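Peer 1: Here is how the chains run, residue by residue.
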Amino acid sequence: MSLIELENVSFRYSGTSRMILEDVSFSIEEGEFVAVFGEGKSTLLMCLCGAIPHLLPGKFSGHVRVDGMDTETHKIAEISRKVGVVLQDPENQLFNLTVEGDVVFGMENLQVPPEDMEARMVDALQTVRMSDFRRRMSHELSGGQKQRAAIASVLAMESKILVMDEPTRELDPMGTEEVFEVLGRLKQQGKTIVIVENDPEHLAPLADKMVLLRDGHLELVAEPREFYRRIKDDKRIRFPQVTQLYFQLEEKMGLGSKVPLTLEEGVELFSRV
Amino acid sequence: MSNNDVIIDVQQLGHTYPNGAKALNGIDLQIRTGEFLGVIGQNGAGKTTMVKHFNGLLKPTEGRVVVKGVDTRNAQVSNLARHVGYVFQNPDHQIFASNVREEIAFGPKNIGMDKATIERNVEEAIEVLDLGGVTDIHPFRLSRGQRQRLAIAGVLAMKPEIFMLDEPTGGQDREQVLRLRKVLQALNEAGHTIILITHDMELLAESARRAIVVRGGKVILDGPPTEVFKHTEELRKTFLTAPQITRLSLELGFSMPATTVEEAAQELLKRSESRKAGVGA
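Protein chains in written order, with this note's numbering: chain A, 77 to 349; chain B, 37 to 317.
For reference, chain A alone in the conformation it holds in the complex:
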């Protein structure tokens, strides 16, 4: 059994007739890093964390199973023990005055025993490299620090799965770098991560799978090299520039079949030209 299974998932919001998701089925294995693109991507994330069908009004059909739990028949409180959510704007996730307060807040919501909280907090702050900031006021932090604090508060809940909706959108390049460094570490630790994100250069080397939706339908699920090859003419998706360059020159120069994803792979391939 896969850690996350979607089976014929469809959804439209109340008061609208347009299907945002239509008959979407695929699965995600434990420890995978999965990037989602296309129309309906944020709604898909909402289905994984139980916000759909529990909180957002609309017509839902099909099944989403998370670690064996059907999200429709289980309470959102149960689902949120398995699935942590990180949103675009960390401001929406920080409620308390201090970093420590925010990390504790999430655990309190899950009724973590108070004697376990300290150890979990130390661990979470260490993972996001924010140990020195635990007594700092949230409003004094930079954007990247705030987002890392938000991630720490989710990590402390020890959910197996992290769902992230453009976690670097509000961040500057330094903040983006910091957050992706944390994501790399989380992947190594075996967390399952499902992310909507626009930054192909950071995303491609981390992703195990990429998922493309078109008008709510599942169009493609593939590992990154195969994914980019299959959609090489699709203008909606941003590619790593070395990957884009490869597709422009592949035929003209006989570049071989391995699609480069990173700067290093690009340098290796094109220096032989």
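Derived by calculation from the structure, the hints in this document are not laboratory data. Among the clues, some could well be false.
[What the hints assert, rightly or not] EDC-like cross-link-like pairs, simulated, lysine to aspartate or glutamate; straight-line CA separation at most 20 Å:
(1) LYS263(A) <-> ASP146(A)
(2) LYS285(A) <-> ASP310(A)
(3) LYS308(A) <-> GLU298(B)
(4) LYS311(A) <-> GLU197(B)
(5) LYS306(B) <-> ASP310(A)
(6) LYS312(B) <-> ASP208(A)
Quick caveat, the model's predicted, so the values are computed rather than measured.
Dock chain B against the given chain A, drawing on the hints supplied.
Peer 2: Just chain B now, kept in the frame of chain A:
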């Protein structure tokens, strides 16, 4: 006015906020009519504070800023608004009307454009920013990406001589970024001066012809993007990285760093041709 006229003249500009925070520290910068200027730097470097001096939203606490020959200390914001359009970083800061079409017409009406021109400009802005499907709905029902494009449309419809945009690509997919790039390039070709603050290095490299890097309230690098991107060390200290294609071209020893994938492709094709020719001879 010839194309080489300085349209914004920034002299020793300093700005200290009322709380004592020094945001700008001695900026000297001349922007000429028809330039396409990209402004990069981390959040908090002073980029937004700097450009808010160009339309008079902020007044210098040291030095001066002269826009179209007028010292901004002696100019009203409403007067400057006729010449300098500004798209805020957060689109919700500039939404006033109850539907998209009215929202776009708000700025042009405000600066007293005539009805026929307003109508024409509004239709054009709707078209080029892909808002045709949503003209009659309330701005707050739009997606974040649509609201961002709406904010751009509202300023675009004023056809300002100087068009400033602060992080306009938040929440836009690649197709919309390409669309915006075309809009800006067309405006620029028609003679408008463009000032673009962005973290999107690819967009900057592909569109701007001059780039400045702001750090600690100062301009630390200034030149064509290809020149600026050669300063790898300086950029790294500012936690900025050139687009991947530029870094690739530097690693491959291009004499002129590439700013676009097309440029890199051409150079590599040329290399492979000359190698083949070499082998043949």
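Peer 1: All the hints need checking, so say for each whether the structure fits it.
Peer 2: Now for the hints, and whether the structure bears them out:
A threshold of 20 Å between alpha carbons decides the hint, and for LYS263(A) with ASP146(A) the separation of about 25 Å lies outside it, so the pair is violated. For a cut-off of 20 Å, the pair hint linking LYS285(A) to ASP310(A) stands: about 18 Å separates their Cα positions. Our distance criterion of 20 Å between C-alpha atoms is met by LYS308(A) and GLU298(B), whose separation comes to about 15 Å. A distance of roughly 31 Å separates the Cα atoms of LYS311(A) and GLU197(B); the hinted pair therefore is violated under the 20 Å criterion.
For a cut-off of 20 Å, the pair hint linking LYS306(B) to ASP310(A) is broken: about 27 Å separates their Cα positions. The straight-line distance between the Cα atoms of LYS312(B) and ASP208(A) is roughly 58 Å, outside the 20 Å bound, and the hint therefore fails.
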